[in-house]
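Here the structure of chain A is known, so what remains is to put chain B in place on it, guided by the hints.
Chains A and B supply the protein sequences, listed in that same order. Heads up, this note's numbering is the position in the first sequence plus 5, with the first residue counted as 1. Take the second sequence: its position 184, counting from 1, is numbered 178 in this note's numbering, and each next residue is one higher.
Hint data in this document are derived by calculation from the structure and do not stem from the laboratory. Computed from a predicted model, the values in this text were never measured in an experiment. Some clues are possibly wrong.
With a Cα cut of at most 25 Å, we get these calculated PhoX-like pairs of lysine-lysine [claimed, not checked]:
| hint | chain 1 | residue 1 | chain 2 | residue 2 |
| --- | --- | --- | --- | --- |
| 1 | B | Lys113 | B | Lys133 |
| 2 | A | Lys37 | B | Lys175 |
| 3 | B | Lys175 | A | Lys12 |
| 4 | B | Lys75 | B | Lys150 |
| 5 | A | Lys39 | B | Lys175 |
| 6 | A | Lys17 | B | Lys133 |
| 7 | B | Lys113 | B | Lys175 |
| 8 | B | Lys113 | B | Lys75 |
| 9 | A | Lys17 | A | Lys39 |
| 10 | B | Lys75 | B | Lys123 |
| 11 | B | Lys123 | B | Lys33 |
| 12 | B | Lys175 | B | Lys150 |
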Amino acid sequence: MLLVSGKLTNEKVTIDDSSPESTARIRLIFDKGKVISEEPASTVFFLGGG
Amino acid sequence: MLSVRCKYSLMLAASGLLLFARTAGPAVNQGQLNGQEQKVIDYLVNDWGQDFSVTSVDIAMTALRVEQSDETRFRMGSYIKAHPELHEVIRRWGWVTLVLTADEKLIARALINAEREGKPEPTIAEIAKAVGVSESQAKRGLVMLERYEILKPDAKTGGAGYTVVPHYIKWEPRLDFVFHKVSLDNGRQFNTN
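For reference, chain B alone in the conformation it holds in the complex:
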């Protein structure tokens, strides 16, 4: 028969395990994808590396005719960011290359180039004009870059109201946030490195 003290010890140990399980749980659950999202990831893992492919999430979604939204792209992008073990291409080229759209990369570059060159931060209208998108698309792109922690809101900067996280200012100038999208007549699209 267990003593009261021993019972408490066991209960404490069990609650410790539960706490551990509950702490570890959300990190795993956060990365869980629905069936369609998993299909996109499977497509990418199979595509990456073929013909120098570094195909991005948006192109894979188009190929699979999966309805796109910033939210679903962000979920899959976050999954790729959190799972570099999925494929060598993620480790070699970085998650940023694979999860951002071409527009988002250009929006990031508009801010990064301005900051690197000591120019005033561009306004949303200036970013939209430079990248060739609408102001609404530019705003959405900025929000996405903030969610990926590439930009952070900073009202003091003027302009669009964001600063670039220092890591990305120092990150491979002229080689960062690039894309090379290949489209073939048969409809196949992919990014190359």
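Isolated chain A (complex conformation):
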């Protein structure tokens, strides 16, 4: 998240991840620091820090 909102803020960034409690895959796409796509739609993520 630090990268997405910092060094990579002007880039389109895809993050492939997974739920730590299961084997479910998560894909988030950011463009210029903002989320433009999340799969699955039920994904909960926190943008924080500072």
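Positioned in the frame of chain A, the structure of chain B alone reads:
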């Protein structure tokens, strides 16, 4: 002129040295990589730590367009496992983070979560479904996890026929076997911590 006794002593000492050299040899040779594999390791050592990178072997191989096989990945993974002195990232995040693919991590988690929660061990079909891979890929992943001594075969468990080595059951629940793969539009891919 050397006495016979002295000659024997010297020969014994020399054979002792040879024995030592032969014993020490395979451990070193086992870790030797071919040129292409060394290139992947060099790429990783240079990449790790940049932008919080904890890039894994498979991603480095893709970046370098090196043909992948389970065997080559295992050779490089074993090298990383045996050489934590290569980079602080190995020591801080552990070799498991760096040598397993995302699929292998999820397969490990499927078994570990079941065991932690006291559920029956999932079958290969159940693992494949949970992770979103084919049964053949699930089997290959299980074999790789066995080779890294994360799983051990155990026919008594039912399911896929493996148990998790106790160390990994107790190992950082919810923080283990995670991955965060970053892909940029310019094609660069890396894992972050």
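message: Against the 25 Å threshold, does the CA-CA distance of B:Lys175 and A:Lys12 hold or violate the hint?
response: holds, 16 Å
- prompt: When you check the alpha-carbon spacing of A:Lys39 and B:Lys175, does it fall within 25 Å?
  reply: holds, 17 Å
task: Would you check the hint for A:Lys17 and B:Lys133, treating anything up to 25 Å between C-alpha atoms as holding?
output: violated, 35 Å
field: Straight-line alpha-carbon gap B:Lys113 to B:Lys133, limit 25 Å
entry: Since the Cα atoms of B:Lys113 and B:Lys133 sit roughly 20 Å apart, the hinted pair holds (cutoff 25 Å).
query: Is the Cα-Cα distance between B:Lys113 and B:Lys175 25 Å or less?
result: Given pair B:Lys113, B:Lys175 is violated - Cα atoms ~29 Å apart, limit 25 Å.
message: Run the distance test for B:Lys123 versus B:Lys33: straight-line Cα separation, threshold 25 Å.
response: Violated, because 35 Å separates the two Cα atoms, which is more than 25 Å.
- request: Verify the proposed pairing of B:Lys75 with B:Lys150, using a straight-line Cα cut of 25 Å.
  value: violated, 30 Å
query: Between B:Lys75 and B:Lys123, does the CA-CA distance stay at or below 25 Å?
result: Violated, at roughly 30 Å.
message: Does B:Lys75 sit within 25 Å of B:Lys113, going by the straight-line distance between their CA atoms?
response: violated, 31 Å
- prompt: Is it true that the CA of B:Lys175 sits at most 25 Å from the CA of B:Lys150?
  reply: Violated, because 36 Å separates the two Cα atoms, which is more than 25 Å.
- request: Sort out whether A:Lys39 lies within 25 Å of A:Lys17, counting only the CA atoms.
  value: holds, 9 Å
- request: For the pair supplied as a hint, A:Lys37 and B:Lys175, confirm whether the alpha-carbon distance does not exceed 25 Å.
  value: Cα-Cα ~18 Å, so holds.
When the structure is compared with the earlier hints, violations turn up for hints 4, 6, 7, 8, 10, 11, 12 and for no others.
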